[in-house]
Every structure is written in structure tokens, then in C-alpha cells.
Amino acid sequence: MTAVLPAKDLVTRLSGVFAGKLEEAGRDSVLVRADALLEVAAYLKNTAGFAFDYFNMVTAADYYQYFEVVYHLTSTRHNHSVFIKVRCHNRANPSVPSVVPLWQGADFQEREVFDLFGIRFEGHPDLKRIVLWEGFDGYPLRKDWNR
Amino acid sequence: MEMTGPENFPTDGELDRREGQAVEDLKAHSREAFPDPAAWLEEDVKRNIVLTSLDWIIDWARRSSMWPAVCYPACCGLEWMAALGPRFDAARFGMEIMRASPRQADLLITAGTLTWKMAPVVRRVYDQMAEPKWVIAMGACGISGGIFRSSYNVVPGYNKIVPVDVYVPGCPPRPEALLYGISLLQKKIGRAKAVPDLSELPNPLKKGGLK
Chain A
1 MTAVLPAKDL
11 VTRLSGVFAG
21 KLEEAGRDSV
31 LVRADALLEV
41 AAYLKNTAGF
51 AFDYFNMVTA
61 ADYYQYFEVV
71 YHLTSTRHNH
81 SVFIKVRCHN
91 RANPSVPSVV
101 PLWQGADFQE
111 REVFDLFGIR
121 FEGHPDLKRI
131 VLWEGFDGYP
141 LRKDWNR
Chain B
1 MEMTGPENFP
11 TDGELDRREG
21 QAVEDLKAHS
31 REAFPDPAAW
41 LEEDVKRNIV
51 LTSLDWIIDW
61 ARRSSMWPAV
71 CYPACCGLEW
81 MAALGPRFDA
91 ARFGMEIMRA
101 SPRQADLLIT
111 AGTLTWKMAP
121 VVRRVYDQMA
131 EPKWVIAMGA
141 CGISGGIFRS
151 SYNVVPGYNK
161 IVPVDVYVPG
171 CPPRPEALLY
181 GISLLQKKIG
191 RAKAVPDLSE
201 LPNPLKKGGL
211 K
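Heads up: the protein sequence lines correspond to chains A and B, in order. Quick note on the working numbering: the first sequence kicks off at 1 and runs consecutively. Quick note on the working numbering: the second sequence kicks off at 1 and runs consecutively.
Among the hints, a few may not be true.
Now the stretches of chain A that chain B is said to cover, found in silico as 3 or more residues with beta-carbon under 8 angstroms [claimed, not checked]: (1) 14-23; (2) 69-75.
Beta-carbon label-pair distances, calculated as ranges [to be verified]: (3) TYR180/B - GLU122/A: 32 to 40 angstroms; (4) ASP126/A - PRO86/B: 43 to 51 angstroms; (5) ASP137/A - GLU32/B: 19 to 27 angstroms; (6) PRO125/A - ARG99/B: 36 to 44 angstroms; (7) GLN104/A - CYS171/B: 34 to 42 angstroms; (8) LEU184/B - ASP137/A: 37 to 45 angstroms; (9) PRO6/B - ASP9/A: 48 to 56 angstroms; (10) PRO35/B - ILE130/A: 33 to 41 angstroms; (11) ASP35/A - SER150/B: 54 to 62 angstroms.
Keep in mind that the hints were calculated from the coordinates and are not lab data. Where is the CB? At the ideal position from N, CA and C, for every residue including glycine.
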């Protein structure tokens with residue numbers, strides 16, 4: 001059974017490297033500043049003790065004040081996993097960095113989040129709608145979307 | 001028409017835009033449901049007895065060898081596959097041959113939820129089928145959109161896209177229900193008028209009757 005790394009432990013191990021870039025630790029998740037996401041993610045992937053080589057999924061949630069983008073990572077070597085969260089407060093033009101350069105599996109899923117929430121993934125190689133068609137009006141999974 | 005080389009091929013973005021335009025066009029023209037294509041069957045009292053015999057054998061041939069097109073957008077397709085399998089054996093009704101090409105098929109069984117993005121594709125499959133052709137709307141989603149009816153991306157019933165002959169309710173319908181729907185369609189075909197009435201043929205004695 002894959003163990004979820006306790007967020008408190010993770011923050012303790014990360015805070016030396018990324019001082020001021022981790023916003024808070026939930027029970028199972030670590031909230032990272034959006035501008036630090038790429039370096040934290042690269043560190044988690046490439047550091048021996050973590051080795052998060054498998055990208056489970058990315059999704060998002062709309063909390064009205066901000067969008068929260070959730071990343072689920074797993075290490076097949078150590079059989080542990082972690083949730084990383086990023087918030088974007090700019091509702092008119094939300095954007096987070098793309099993690100496709102680190103995990104190719106993020107490609108279609110970031111496109112799906114972009115399609116349904118309208119969150120831009122900066123640096124994504126081919127960011128366009130994937131489940132809805134070109135010309136669809138709005139982003140249907142936003143709480144304030146109404147047809 | 002200008003020469004088309006690789007440099008003239010549409011870009012990915014252009015293809016996406018055309019695809020989206022096709023969806024929007026179809027959606028804009030799909031407000032009303034198609035009427036029952038065989039509504040005229042009720043007024044066939046004037047049919048000629050000689051031609052009826054010819055009708056009978058043509059209808060018999062048509063209803064006994066229906067070839068369904070492979071077009072299963074969602075989960076009802078599994079019940080349809082079960083209906084084709086040995087336990088329920090749709091081959092008993094002369095329809096064991098699935099056609100991967102719509103040009104060789106004359107029956108479209110709309111097994112499953114249809115999204116607007118998929119709708120132009122299903123419409124194209126229907127358009128490519130040769131006449132005469134029939135459609136069975138299978139399952140709640142095929143009839144009305146089912147539980148997804150109020151969704152932003154689901155077609156509220158196949159009859160917005162193609163004319164439907166028989167509706168088979170259920171979520172999903174059991175294979176028996178589908179076979180019953182197929183036999184209803186066969187009865188419907190059995191009443192169809194394949195040969196026109198003499199009165200509908202061009203009459204050389206009438207003005208403008210024969211060119």
C-alpha cells in the first residue's frame with residue numbers, strides 16, 4: 001500500500017531548501033507558492049529521498065476567492081505519495097506554471113483543467129481545449145459559470 | 001481549385017476551429033426534433049392490392065437482413081454486444097453482420113450518451129449510410145439525453161441529430177428489450193410502402209405529367 005507522506009514531515013525536510021516558498025501544510029498536502037511550483041516539483045522528482053517519478057494526476061477546485069490546483073505525485077521507488085497544492089488568486093486570468101517538462105503525463109490533464117476551469121499552464125507545449133470544442137463559451141466547472 | 005501541398009495543409013489550430021464550427025453549426029440547427037419518418041404509414045388505406053404484394057416481398061427482404069453500423073458512443077453498447085452474443089443471439093433476426101463501414105449498413109443503433117463534440121461524427125455516419133436506413137434510439141440517453149439532459153455538452157436525444165424510428169427505453173435496456181425494439185422496427189418496415197402508388201407515378205395523359 002502506498003503511504004502518503006505526512007505533510008508536516010515533508011515541510012520539515014523542504015523548509016531548509018525552500019524557505020518562504022511553502023505557504024502551509026495541511027494534513028496530507030503542502031501548499032506551495034505558484035512562482036515556486038516548478039523548482040519544488042523538480043526537487044521532489046530529482047532528490048534521492050523523494051524520487052517522485054510518477055505523476056498521478058492534476059485537478060483543480062474553485063473556492064470563489066481563488067482556484068486551487070492539486071497535484072498528486074507518487075514515487076515508485078519508495079512507494080510513497082504526496083499532494084502538492086497551488087493557489088491562483090487572479091480570477092480574471094489565472095495561471096500556474098506547467099509541469100509537463102517534468103512529467104509528460106501532465107500534458108492532457110493540464111489541458112483538461114484549462115478546458116474546464118480556464119487556468120492557463122504557462123510553458124505547456126500545446127495548451128488548447130481537449131474535451132469541449134473550440135468556440136465553447138466559458139469554463140463550465142467554474143462555480144460562477146452558467147449557460 | 002488550388003494545388004494542395006503540405007505547405008497548404010490547414011494548421012492544427014485551423015482544424016480545431018473548423019471542428020468547433022461544425023459542432024456550433026449542428027447545435028444551432030438542432031433545436032427541433034426530427035419527426036417520425038414513418039408518420040405517413042397511418043394513411044396508407046389507398047394502397048393497391050397488386051403493388052402491396054410487391055411491397056410485401058421488398059419489405060420482407062429489407063427487414064430480414066438489417067445490417068447495423070458500428071456506432072456505440074457509450075455504455076449501452078455493451079448491452080448491444082450482449083444482444084449480439086450467443087446467449088441472446090440477434091442473428092436469429094437476420095442481423096448478425098456488423099458493418100464497420102456505414103456505407104454498407106442500413107440500421108443505426110444509437111447505443112449511448114452523445115456529446116455535442118461527437119454529434120457531427122454520428123451525423124456523418126448517418127449521412128453516409130445508403131437509403132433505405134433506419135435508426136433505433138437505445139436507452140434513456142439516446143431517447144432524451146437521460147440523466148445528462150440538462151448538461152452543457154450532451155445532445156438531448158438523438159432525434160435532434162437524426163430521424164429516429166424506434167425508441168427503446170432503459171438505462172441500459174436489457175438485450176431482450178433491444179431485441180423487442182428490433183422486432184418492432186421490423187414490423188414497421190413490414191408496413192412500409194416500397195413501391196409508389198400508380199396515382200403517384202407520372203401520368204402522360206395529364207398536363208406536365210411526363211417530361
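Status of the hints after comparison with the structure:
1. Counting residues of the segment 14-23 of chain A whose CB lies closer than 8 angstroms to any CB of chain B gives 0, so the stated coverage by that chain is violated, three being the minimum.
2. Check result for the segment 69-75 of chain A against chain B: violated, 0 residues qualifying (beta carbon to beta carbon below 8 angstroms, three or more required).
3. Evaluation of the 32 to 40 angstroms hint for TYR180/B and GLU122/A yields a failure: the beta carbon distance comes to about 56 angstroms.
4. The hinted range of 43 to 51 angstroms is satisfied by ASP126/A and PRO86/B, whose Cβ atoms lie roughly 45 angstroms apart.
5. Distance hint check for ASP137/A and GLU32/B: the Cβ-Cβ separation is about 22 angstroms, which falls inside the suggested range of 19 to 27 angstroms.
6. Between PRO125/A and ARG99/B the Cβ separation comes to about 39 angstroms, which falls inside the hinted range of 36 to 44 angstroms.
7. GLN104/A and CYS171/B have their C-beta atoms about 38 angstroms apart, which keeps the hinted 34 to 42 angstroms range intact.
8. In this structure, LEU184/B and ASP137/A meet the distance hint of 37 to 45 angstroms, their C-beta atoms being roughly 40 angstroms apart.
9. At roughly 55 angstroms, the beta-carbon separation of PRO6/B and ASP9/A lies within the given 48 to 56 angstroms, and the hint holds.
10. Distance hint check: the CB atoms of PRO35/B and ILE130/A are about 36 angstroms apart, consistent with the given range 33 to 41 angstroms.
11. Checked against the given bound of 54 to 62 angstroms, the beta carbons of ASP35/A and SER150/B, roughly 40 angstroms apart, lie outside it.
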